[in-house]
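Turn these sequences into a full structure, and let the hints steer you where they fit.
In order, the protein sequences belong to chains X and U.
My numbering numbers the first residue of the first sequence as 1 and each following residue consecutively.
My numbering numbers the first residue of the second sequence as 1001 and each following residue consecutively.
In short, the hints are calculated from the structure, not lab data.
The structure displayed is predicted, hence computed values, not measured ones.
Ideal Cβ placement from N, Cα and C applies to all residues, glycine included.
No incorrect hints appear here.
Which chain X residues face chain U? A few, computed with CB under 10 Å, are given here:
no.: 1; residue: I239
no.: 2; residue: Q244
no.: 3; residue: P245
no.: 4; residue: T259
Where chain X lies over chain U, by a calculated footprint (3+ residues, C-beta under 8 Å):
no.: 5; segment: 1350 to 1364
no.: 6; segment: 1429 to 1442
no.: 7; segment: 1446 to 1452
Anything over 10 Å on all C-beta distances counts as not near chain X; from chain U, calculated:
no.: 8; residue: G1115
no.: 9; residue: T1133
no.: 10; residue: W1240
no.: 11; residue: H1262
no.: 12; residue: P1277
no.: 13; residue: L1333
no.: 14; residue: L1516
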Amino acid sequence: MTNARQAGVAGSQVQPAAKRARQRRSAWRTLRRNPIAMAALVGFVLLILAVILAPLITPIPPNAHDYDHLLEPPTWAHPFGTDDLGRDILSRVLWGGRESLRVAVMAIAVAISGGTVVGLVSGYFGGWVDALIMRIVDVLLAFPSILLLLSIVAALGPNLGTVLIALGVSAIPGFSRLVRGSVLAAKNYEYVTAARVLGASDAYIMFTQILPNIMPPLIIYATVGLGNAILITAGLSYIGLGAQPPSPEWGAMLNAGRTHLRDAWWISVFPGLAIFLAVLFVNLLSDGLRDALDPKLRQ
Amino acid sequence: MKPRSIGLLSALVVLSLLAAACGPTPTPQVVEKEVTRVVPEKVVETVIVAGTPQVVEKVITATPEPTAGPVMGGTFIYVLPGEPDSLDPHKTARTDAYNVMRYLHCSLLVQDPEGNYVPYLAESWEMSEDGLTWTFHLRKGVTFHDGTPLTAQDVAWTYTRAKDPANPGAAGASLAAVDSIEATDDSTVVMHLPQPFFPLLTSLSDPAFFGILSQKAVEAAGDDYGRQPVGCGPYKFKEWVTGEKIVLERNPDFNWGPPYAHQGPWYFDQIEYRIIPETTTQVVSMEAGEVDFGAVAPSDEETIRQTGLFTLYPIVYPGTGPHLQFNNSKPPLDDVRVRQALNMAIDRDVLVKVVMQGQATAQYGPLSASTIGYWPGVEYVGYKYNLDKARALMQEAGYTVNAAGMLEKDGQPLKFTLKTMAGEETWLKIAEILQEQFKALGVEVQLEQQEAGALVADEISGNYEMGMMQVGWTDADILYQMYHSSMIGALNLGQVKDPKLDEILTKTRTTLDPKLRQQWVDDAQRYITEQALMAPLLSMVSYWAVNNRVEGELFSTKIYQLFLDDAYLVK
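And the structure:
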């Protein structure tokens, strides 16, 4: 995988900026011709819009109890039904999406920033710096990431903030590895040498010359990671280590619906469907992006 | 709570009224069971009907005993919702451990289905005039499961061990009232008390936490005793597979028994405790008829009833009922006005309706109505839902309403963290509703779910502000254990230190005249309620489901116990 991705960078020997723009246009064309990826993109954008526009879609607050409408199946007034405290499931799914998606996106942002800095430094400077950083990364990679996650959450206490940090931090080693690999290939290209000859600083070379050229694999890896992060956020909340009641986070909703699986399917089915769709869209989009950004597969 | 003894006629009236008024709650039904055991004249089964606190008595005429009597054999499968921490009665206070230990160990006395104290290990006993010396004469020829004879020395050693503050078992709090226990000969035990202690017999009739241990076995096993217990009860320990099951097998040498049951070994070959923490899984295993006993929440009652496989016994757990524990030592909960206001912000009728589908009653005092010594006066003294009065009290306590409609003092918004037990869905639902109701008063509450052991530890050590809790105990002596200042670090979860209350509670233990003692118990309930040392919530009705393949079991509505002494399995 990594090798194939680096091949995309290998062609860019001169004028990287112009070439990158060309690549971007071509990648977008490829992506647009991929109906599944486009459907996934549209679906994901719609999902994000629905979550952002939640207050406009349903006027019912997500935590409003209505003791006269307990466990009601879907109706016009409550399209997704109500739960055992009379809360509107539609409203909770939409507001819960804010929590779930925000945590996942922010965790990936943490992982990208951390992983990029660590990987760039490690790959660019090489030598003992590289050896030291990579051994630490090896140690972290040796743990199953779920174990790392659980220990961080256990140490910091169960809430969504902790989950965000835990998810982000535990994904840093993977991103570092990826970035370092790409940097190792990129740092020997002529434009890098040229920049160095012209007297550019290390930081300038790392962030303005190398980084833009290693973006494609990073983007693909990030979308894969995003789907994963959504799942893990929900999973941790489901077992009580993430969002605390009454948060409508999707995993927490699934957990709350567990006791009513047999008599009120709508409590768990709709948040479950939301998780499913979000992860499906992200993964299909990620597949499409890989096809579009990978020059070998593009043929 | 209304009087509990009601004639048949009024019972029928109540039933018909209910049928008319039940509305959306599940249709009330009467527990009916074909009784196929020898009965002298008639059997009176006491039944609590959905949506009412009323106890209804239904007379079922005796059916003649058909043919064969009890048969030996089979495995009785018991749903255990949690894994015990230890089966050493001096190292645990957990209900799950209690439910295993009660068949494993034996006690000096037991309570019969009518609630009387009857001989068990002790054939007779007497109390000195002043109530300070108790003498127990033991049955001879009883052996422990390892074959060693049970002597008075073992009894003295057991209770001395239970008293040791290093042992955190449930018995310690009661035995603290006993100075010393000595064996004057092989079959005589004498207890010396510094002052009279009313609930002594109640305690000594608990075969689990007050069971007699074999000194030899405990010392041989050391720290492992909790996982390889040796008792003297009708069943002996066979195996414990962590996270899966605990199996007990019949003790063939148990050739005795309490006076209300047959003498000799019990009928089941084994009792297998299946550890099933998940409510849904418990219900599924009951529906499949795979288990013989399990507790059923009101929400699942209808499902289980429809299987036709189980007899459901309605039960109100004696003790505290699920309540909101306050840490009275931490500001602002050390201010009685704040505690009262919080109590008045709770609309218990909503809890009854939403959480328990009407199968509960609002509780206004520290004890549930089925506890021996319950004082009905709390229903008048207790704080009813009154948001205006609650707001006025908060204002008096120095709180003002800020722009967001929330209460604050010196610019600090009033905020609490409410701890509840992970996996305990009923408590969580109560907590979520309390969160909304306190918000209406202007108090922000955050919920935190904790694993059972961590929650109990935090509440014992006072590392909390508010927490859900329920403590089971048959007698009002639980008030002493939970509110006397000497019990801080044990069951005084509210960290209550009140000299006036201490005095009342001491009287509840040292007064031996039952009538006078009851007055002190009433006083204690009044005082605790008025001081709002916690927020009482519900007396809930739940159900015990017994598989219909079990015959001969006896459910006592006097002391809410299921007696399996004469129970057996039919194929």
